[in-house]
Amino acid sequence: MKPETLGFFEKVYDVVKLIPYGRVTSYGAIAKYLGATRSARIVGYAMNNSHGNDVPAHRVVNRNGLLTGKHHFEGTNLMQQLLENEGVTVYDNQVQDFDTVFWDPSKEL
DNA sequence: TCAATGACCTGCC
DNA sequence: GGGCAGGCCATTG
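The numbering of the first sequence is the numbering used here, which starts it at 1 and goes up by one.
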């Protein structure tokens, strides 16, 4: 809500925006890519502020591939529908073939 | 200013 | 191999 996003948030937004189509990543992966492996919580917090930004938060899930942030979305299965719409198989708030659709910025970038 | 919370992760038992 | 507890950074009350 403030221009302070130029810090950790901006980087997180940038990485999330760079996520390819039909691909997902985890908070820890982004945090680690930014050099803050233990600051994964901040990444999630950034997503909370991603409201209004062009950040596809629905492509960001936890380490277990579980759509933990699904509660923060409007609908109940909106996040799941978005992922399935991109070709990502989601079942019970869980990303199937997570190892396959997983996108590690530290490796891909 | 201090204390508590949070879309998590890593390490130890 | 599975489960539990601690910690980290930032935001909000």
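Simulated from the structure, these hints should not be mistaken for lab results. Please note that the accuracy of each hint is not assured.
Unchecked claim - In silico lysine to aspartate or glutamate, DMTMM-like type, Cα no more than 25 Å apart, as pairs: (1) Lys70 to Asp92; (2) Lys107 to Asp92; (3) Lys17 to Asp99; (4) Lys32 to Asp54; (5) Lys70 to Glu84; (6) Lys107 to Glu74; (7) Lys70 to Asp104; (8) Lys32 to Glu74; (9) Lys17 to Glu108; (10) Lys11 to Asp92; (11) Lys32 to Asp14; (12) Lys107 to Asp97.
Claimed, not checked - Listed next, with one range per pair, are the computed distances between beta-carbon atoms: (13) Tyr45 to Leu18: 16 to 22 Å; (14) Leu78 to Pro20: 28 to 34 Å; (15) Glu84 to Thr37: 28 to 34 Å; (16) Glu74 to Asp99: 16 to 22 Å.
Here a beta-carbon is modelled for each residue, glycine too, at the ideal position from N, C-alpha and C.
Results for each hint:
1. Between Lys70 and Asp92, the direct Cα distance comes to roughly 11 Å. Compliance with the 25 Å bound is thereby established for this hinted pair.
2. Annotation: proposed proximity of Lys107 to Asp92 is violated, straight-line Cα distance about 28 Å (limit 25 Å).
3. For the proposed pair Lys17 and Asp99, the alpha carbon gap of about 20 Å is at most 25 Å, so the pair holds.
4. Straight-line distance between C-alpha atoms of Lys32 and Asp54 comes to about 22 Å, which keeps the hinted pair within the 25 Å bound.
5. In summary, the hint linking Lys70 to Glu84 is supported, as the alpha carbons are separated by about 14 Å, within the 25 Å threshold.
6. The straight-line distance between the Cα atoms of Lys107 and Glu74 is roughly 32 Å, outside the 25 Å bound, and the hint therefore fails.
7. With a C-alpha separation of about 21 Å, the suggested pair Lys70 and Asp104 falls inside the 25 Å cut-off, and the hint holds.
8. Among the hinted pairs, Lys32 with Glu74 is inconsistent with the structure: their alpha-carbon atoms are about 29 Å apart, more than 25 Å.
9. Restraint check: the Cα-Cα separation between Lys17 and Glu108 comes to about 14 Å, which is no more than 25 Å; the hinted pair holds.
10. Only pairs whose Cα atoms come within 25 Å are accepted, and Lys11 paired with Asp92 is rejected, the gap being roughly 30 Å.
11. Proximity of Lys32 to Asp14 is assessed by CA-CA distance (about 14 Å); at most 25 Å being required, the pair is judged to hold.
12. With a CA separation close to 18 Å, the supplied pair Lys107 and Asp97 stays within the 25 Å bound.
13. Tyr45 and Leu18 have their C-beta atoms about 19 Å apart, which keeps the hinted 16 to 22 Å range intact.
14. Distance hint for Leu78 and Pro20: a CB-CB separation of about 21 Å, inconsistent with the stated range 28 to 34 Å.
15. Judged by the Cβ atoms, the range 28 to 34 Å given for Glu84 and Thr37 holds: they are separated by roughly 30 Å.
16. Distance hint for Glu74 and Asp99: a CB-CB separation of about 29 Å, inconsistent with the stated range 16 to 22 Å.
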